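Dock chain B against the given chain A, drawing on the hints supplied.
Below, each chain spelled out in residue letters.
Number of protein chains: 2
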Amino acid sequence: MNISVTMLKRLIKEKSMSTLNPVSQHDCRVTSSFWNHYIDLIGKKVLPYQWKLLNDEVPDAEPSGCIRNFRIAAGLEKGEFYGAVFQDSDLAKWLDAVGHYLAMHEDKELEALADSAIELVGKAQQSDGYLDTYFIISNQDLRWKNLRDCHELYCAGHFIEAAVSYFNATGKRKLLDIAIRLADLICSVFGDGEGQIPGYPGHEEIEFALIKLSEVTGNDKYLDQAWYFILKRGSKPNYFEEESRRPGFREVFPEIGRLAGTYSQSHEQIYDQTEAVGHAVRAMYFYTAAARLAGKNSDRELMAAVERLWENTTGKKMYVTGGIGSTSIGESFSSAYDLPNDSAYCETCASIGLMRFSEEMFLTHPDSRFGDVIERALYNTVLSGISFDGERFFYVNPLMTVPSIDKGNPIFSHVRTVRQRWFGVACCPPNIARTLPDITTYAYAADGKNLYIQLYVSGSVRVSDEAAFSVETDYPSNGNIKVTVCGSPSWDFMLHVRIPSWCDFIKATVNGNEIEPRIADGYLSFTGLHDKDEIEVQSSMEPFLVFANPRVAADAGSAAVQYGPFVYCAEEADNGPELAALSIRSDAAFSKAAAEGIPERFTCLSAEAEKDIWDSDDLYSTHEYGKEKKELKLVPYCTWNNRGEGEMRVWLRRME
Amino acid sequence: MNISVTMLKRLIKEKSMSTLNPVSQHDCRVTSSFWNHYIDLIGKKVLPYQWKLLNDEVPDAEPSGCIRNFRIAAGLEKGEFYGAVFQDSDLAKWLDAVGHYLAMHEDKELEALADSAIELVGKAQQSDGYLDTYFIISNQDLRWKNLRDCHELYCAGHFIEAAVSYFNATGKRKLLDIAIRLADLICSVFGDGEGQIPGYPGHEEIEFALIKLSEVTGNDKYLDQAWYFILKRGSKPNYFEEESRRPGFREVFPEIGRLAGTYSQSHEQIYDQTEAVGHAVRAMYFYTAAARLAGKNSDRELMAAVERLWENTTGKKMYVTGGIGSTSIGESFSSAYDLPNDSAYCETCASIGLMRFSEEMFLTHPDSRFGDVIERALYNTVLSGISFDGERFFYVNPLMTVPSIDKGNPIFSHVRTVRQRWFGVACCPPNIARTLPDITTYAYAADGKNLYIQLYVSGSVRVSDEAAFSVETDYPSNGNIKVTVCGSPSWDFMLHVRIPSWCDFIKATVNGNEIEPRIADGYLSFTGLHDKDEIEVQSSMEPFLVFANPRVAADAGSAAVQYGPFVYCAEEADNGPELAALSIRSDAAFSKAAAEGIPERFTCLSAEAEKDIWDSDDLYSTHEYGKEKKELKLVPYCTWNNRGEGEMRVWLRRME
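Keeping their order, the protein sequence lines are chains A and B.
Counting in numbering that gives the first Met the number 0, the first sequence runs from 0 upward without gaps.
Counting in numbering that gives the first Met the number 0, the second sequence runs from 0 upward without gaps.
Only chain A is shown next, with the shape it has when bound in the complex (with noise of 0.2 angstroms):
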């Protein structure tokens, strides 16, 4: 059977809202090459570094302080604050990382690392749950006081997320232990009750950590207070705006203040937002919790207001690459196609924010329209914010660089034209290394009448006690995947394989027969399932161009290459210079190539391209330029700039 995708209608129907639920890392195993290329990486090369990093003891690196403002907090150390507001966080994301690197891998020695750590951030957290070095150390009687700039909320939020990873990982309770207490306080200061503050996080993040707590301990009071933040937020008067107007309020970040509401998301109740504004990366984290917190009490009207927001984030807003947040002002969102190439922003952590969003938004309707943009986000975005030695981090992930102009030219300043080995505001890396070990929790989701293959991963994944799916792809090389089934799912149980946005034709066959199975929003469907059936689908992978809406101007005239998940780039290591002089045939014919410097596990184009000759060094001329044949070679662009700083170009010109 060939089925022409393209051919397809998926549109959301009305129709209840599923149960799905991520499968615990603990029911996968990945033998996948590629992913355990990074797990492996991650595990045993960035979070050793990145103890490091957080330990000062990385020369060359920016300085963290953050063990050792957890020091200071404890008492152990004598000394001052030292780096942002959010400085904890980093602690916290790393021992999230952590935990769900040891769902996968037995790692005795970065346990006892996350171990001693554990430790030290229990003997700094207060007797009565609080837990912030920067107001530990210096400024307890500000604790709370400024909401909309301090992040207190914010790293409580990834220390409660570490605390779910860590124990579901290995079972210890200590860290655990430490987030209830630190919920508990948070539950009892925050509320429209006598004495309590009736605020919200300046930096979403503790919606989400708090339904998780809610899930893992079984208590509603947390999964209560998430609603009260969701709810509260963007309520009149505005919170924030109130409280700076306190008497006493000490202004962190005055950036904030000037971009008001729409930054923080707090212009108005989520109930009416259609559009997606403000910091990237609060955004996507505000809209993730709504997500799951609509699907848990199918409450329609908030679903309607996500999926408006996920809509407008993807159909509007989303870079070819999976970046989101085209302005550095404010690391935020800005109008409907504004997509520049050289001054976005596209934060890896936005990236990473809108894989979690797009699967909250999976688990309630599942779609394949969720799982295209987590793939589009990860393969591109996200596998681009890490170097290839695991060392060097990209937090700005721009599709097109000119170095000489971006350091000549300070609208650019936020773009790095090298990956960095850290950042004075260090979110990115270990939001990277939390994410990727966790690739199994955006691989499947299931029910106990369903399992969902959402990314292609080898390796296997267990739904019940009775069955078992194991999984053989070379994906991303290919879009191949046999499914086997391993035990005896039920008569009326589905395996969902989801069909990639990127292909033409799909074949589907069980123990070697082409059938023709279900299709239903974008998921090829089998059911009927037997001990030791073999579920092949193959979907054609070829390189195509990718065009955007004209309403994009800085897209206009120009295409991308995309093969596969992986959207290309041309680089000046493997073209030289001056890469906007190339245009692309739009009939080009690519074949696979080798480039100096990239990995085998990454497939590498070539395609016939024509470059304009101009013979003077005049700055402008009446004379038509020359043009010249030539090769073009392109790359993945999570790929780029592992070959020395140079010229990167996604929106190739092409000849009409």
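Warning: the hint list may mix true and false statements.
When chains are identical, the list treats them as one kind, so a pair holds in a single copy or across two.
[Said to hold, decoys possible] Using 20 angstroms as the maximum straight-line C-alpha spacing, the simulated EDC-like pairs for lysine to aspartate or glutamate come out as follows:
1. Lys107 - Asp532
2. Lys173 - Asp106
3. Lys626 - Asp586
4. Lys406 - Glu274
5. Lys171 - Glu193
6. Lys591 - Glu623
7. Lys315 - Asp614
8. Lys315 - Glu627
9. Lys122 - Glu242
10. Lys406 - Glu254
11. Lys77 - Glu644
12. Lys315 - Asp616
13. Lys629 - Asp503
14. Lys315 - Glu274
15. Lys315 - Glu541
16. Lys295 - Asp366
17. Lys315 - Asp617
18. Lys591 - Glu300
19. Lys44 - Glu108
20. Lys315 - Glu577
21. Lys235 - Glu390
22. Lys629 - Asp586
Don't read these hints as lab results, they were simulated from the structure.
For clarity, every value in this text was computed on a predicted model and none was experimentally measured.
Then chain B, alone, in the frame of chain A:
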């Protein structure tokens, strides 16, 4: 005789510097309807209107406070200083503009307003000659203490320039005497002598003003002081750094401190400078004065420096519209070939500065390259600065706008999508007002033996008691010019007519007979002139495409349209939105066309183009765009945004 101008090699040769000077306004008459429209607009509308603005009598404009500051400083009113530290310069430039206007047209009413303002300025001036209301009103002890930020010398420079203009126009000495007292104070305060301040202005301007003052008074000490400021700048240790470390230094613009030496061209001495850097207006004013001094002293080393800077400015950093300053951060130059069309700064004042700098280069080294740049800046970015009705102004002149994007992304916050009535920093409107009535200064230069016609402006010019020339031309409607000799120039007198850079073929006749004139440095030169001789030059004027060097990534795959001196743009008013979806044929046939709301004095064009068709709301697609034929209408760039807010685009995609 037909000459293929593009065949000419016009390199500046090692030769002695010329002693050309602009012809005095008194010796020129303008009959051009194109230019008289502007001169009348300035005299009859803009200057009376700006007088109201300076007096805070325009209700919906940003307040100025300028006249009131002088009244307070003069003791005629009580109150606080209002506005920016350089607010005084608005009045100075207004007086300068009035001077240039009165030199061309009698206007008793305007002269009376100016006299009253001068009276007021005289009352505000301190007994020692000091004049700056910001410091007179409430900061007397801070005089000259923050040259980096405070613009005292800049304001002084503008008063001196105004005094020279007003004296030249009216013969009245009152403002000139004020200026002399002020200049005398400055000469006594600044220098390397004991008790003197070894500094120089944060914003260059005084240098050129002092040169003018020395010319009008015959007093060389002002010239020496100009040399001092030019040569002292950039010496080590850096004066601004020293100054900012002194106790009691009060910072006004911390951003200037952050931008450091290159911002104010004080990073090294002018002889060592090779690249146009920093604030574009500052740079232009600095180079202009340096070029004049180099010419005056036949200082070849200094001339080589300013020539390098001119080449760098116009050969690496100038927009096709004659705009300069690619970045809003510091209103500054950025890297070579960094010419973003959307985030361009291109301040109107900077292009006025570029005209002045090019004029000074020309006076020393007559070469039509300089005239070409004057014309490019004048007919495009400078004229763009003022609306048809003379009541609204652009400060920033981008080459592309999409209003929804400009308003939604704060990196474009400097871009105004409609001209403004006035600005908090209102340097540009009065700068335009003083430049346009001064058109003949740029049009004609002469010494005893030569007259250069640089710009084609109908009217007449007298070069001596014996000889004058009348000029007839419909320029910029066509490229023909007829010069009639009136009187008897000496036998070796030479008339030089610039060959515009945009013309491919040129034909010259004397008294109807085709002749082969001498061509040198881009000028047609005629000698042996007799009374009533008629010299006619016909330059072929056809619309053509301009291409940018491929290093200009922003213009890759695009072309600009030029016709005569005008660069054209597409506007939403004529072509609908999504201008990026339009592409022009490389071999497009152009025809003249009317555009509703554009006055007939501007020729509008239409050309064959295609528009991308996109039949979905999808942000991305693998489907090729459809195409439809479309007649593209183009209007001169300087006329944009006179018909409401909408998209505008200079660089058009071209079909290849």
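Original post:
Given a CA cutoff of 20 angstroms, do lysine 315 and glutamate 627 count as a within-copy pair, a between-copy pair, both, or neither?
Top reply: Answer is neither: 36 angstroms inside a copy and 24 angstroms across each miss the 20 angstroms cutoff.
**OP:** Measure nothing new, just compare the shortest in-copy and cross-copy C-alpha distances for lysine 173 and aspartate 106 to 20 angstroms and report within, between, both or neither.
**Re:** within (18 angstroms within a copy, 88 angstroms between copies)
**OP:** Measure nothing new, just compare the shortest in-copy and cross-copy C-alpha distances for lysine 406 and glutamate 254 to 20 angstroms and report within, between, both or neither.
**Re:** between (24 angstroms within a copy, 18 angstroms between copies)
Original post:
Given identical chains, is lysine 315 near aspartate 617, meaning Cα to Cα at most 20 angstroms, within a copy, between copies, both, or neither?
Top reply: For lysine 315 and aspartate 617, only the inter-copy Cα distance (8 angstroms) is at most 20 angstroms; the intra-copy one is 39 angstroms.
Subject >> 20 angstroms Cα threshold - placement of aspartate 532 relative to lysine 107 >> reply: neither (38 angstroms within a copy, 101 angstroms between copies)
Original post:
Between the shortest in-copy and the shortest cross-copy C-alpha distance, which are at most 20 angstroms for lysine 315 and aspartate 614: within, between, both, or neither?
Top reply: between (40 angstroms within a copy, 16 angstroms between copies)
Original post:
20 angstroms Cα cut-off: does lysine 44 pair with glutamate 108 within a copy, between copies, both or neither?
Top reply: The answer is within: 12 angstroms in one copy meets 20 angstroms, while 81 angstroms across copies does not.
**OP:** Pop the pair lysine 235 and glutamate 390 into one bin, within, between, both or neither, using alpha-carbon distances up to 20 angstroms.
**Re:** So lysine 235 and glutamate 390 fail the 20 angstroms test inside a copy (45 angstroms) and across (41 angstroms) alike.
Subject >> Homomeric proximity label, lysine 171 with glutamate 193: Cα distance no greater than 20 angstroms >> reply: For lysine 171 and glutamate 193, neither the intra-copy (36 angstroms) nor the inter-copy (77 angstroms) Cα distance is at most 20 angstroms.
Original post:
Taking 20 angstroms as the upper bound on the Cα-Cα distance, should lysine 315 and aspartate 616 be classified as within, between, both, or neither?
Top reply: between (40 angstroms within a copy, 9 angstroms between copies)
Subject >> Intra- versus inter-subunit Cα pairing at 20 angstroms for lysine 629 with aspartate 503 >> reply: Neither way: lysine 629 and aspartate 503 sit 29 angstroms apart in one copy and 33 angstroms across, limit 20 angstroms.
**OP:** If the cutoff is 20 angstroms on CA atoms, where do lysine 591 and glutamate 623 land: within, between, both or neither? Let me know, please.
**Re:** neither (33 angstroms within a copy, 23 angstroms between copies)
In the structure shown, a violation is registered for the earlier hints numbered 1, 5, 6, 8, 9, 11, 13, 15, 18 and 21, in ascending order.
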